[in-house]
Amino acid sequence: MLVCLCLCLCLCLCLCLCLCLCLCLCLCLCLCLCLCLCLCLCLCLCLCLCLCLCLCLCLCLCLCLCLCLCLCLCLCLCLCLCLCLCLA
471 MLVCLCLCLC LCLCLCLCLC LCLCLCLCLC LCLCLCLCLC LCLCLCLCLC LCLCLCLCLC
531 LCLCLCLCLC LCLCLCLCLC LCLCLCLA
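Straight run, no breaks: the sequence shown in the numbering used here ends on number 558.
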């Protein structure tokens, strides 16, 4: 009976397809350009009620901290170099 103890060093190339569910906390800095169309009803010179429809174009820079749970399916190709010590 032969018993072996091996130490291996492997180099792997993997292709993975992952499905992730993430919970993120984001801090965003936005610069917006808006075009608004307003319809106002004024009761006097000082009291107006307005309904506005706006179209905005925003450029945002966000810093996010995410916690993700992922399910991955991977296909790997590995090249291993092993050093074995065998005892009879």
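Just to be clear, a hint being listed does not mean it is correct.
[Unchecked claim] Using C-beta positions, here's what the derived DEER-type ranges look like:
| id | residue 1 | residue 2 | range |
| --- | --- | --- | --- |
| 1 | L527 | C550 | 52 to 62 Å |
| 2 | L543 | L505 | 24 to 34 Å |
| 3 | L481 | C540 | 17 to 27 Å |
| 4 | L547 | L505 | 47 to 57 Å |
| 5 | L505 | C532 | 21 to 31 Å |
No lab work stands behind these hints, which were simulated from the structure alone. Just so you know, even glycine gets a beta-carbon here, dropped at the ideal spot from N, CA and C.
Evaluated hints:
| no. | hint | result |
| --- | --- | --- |
| 1 | L527 - C550: 52 to 62 Å | 53 Å, holds |
| 2 | L543 - L505: 24 to 34 Å | 46 Å, violated |
| 3 | L481 - C540: 17 to 27 Å | 23 Å, holds |
| 4 | L547 - L505: 47 to 57 Å | 54 Å, holds |
| 5 | L505 - C532: 21 to 31 Å | 24 Å, holds |
Hint compliance for this structure: hint 2 is the single one not met.
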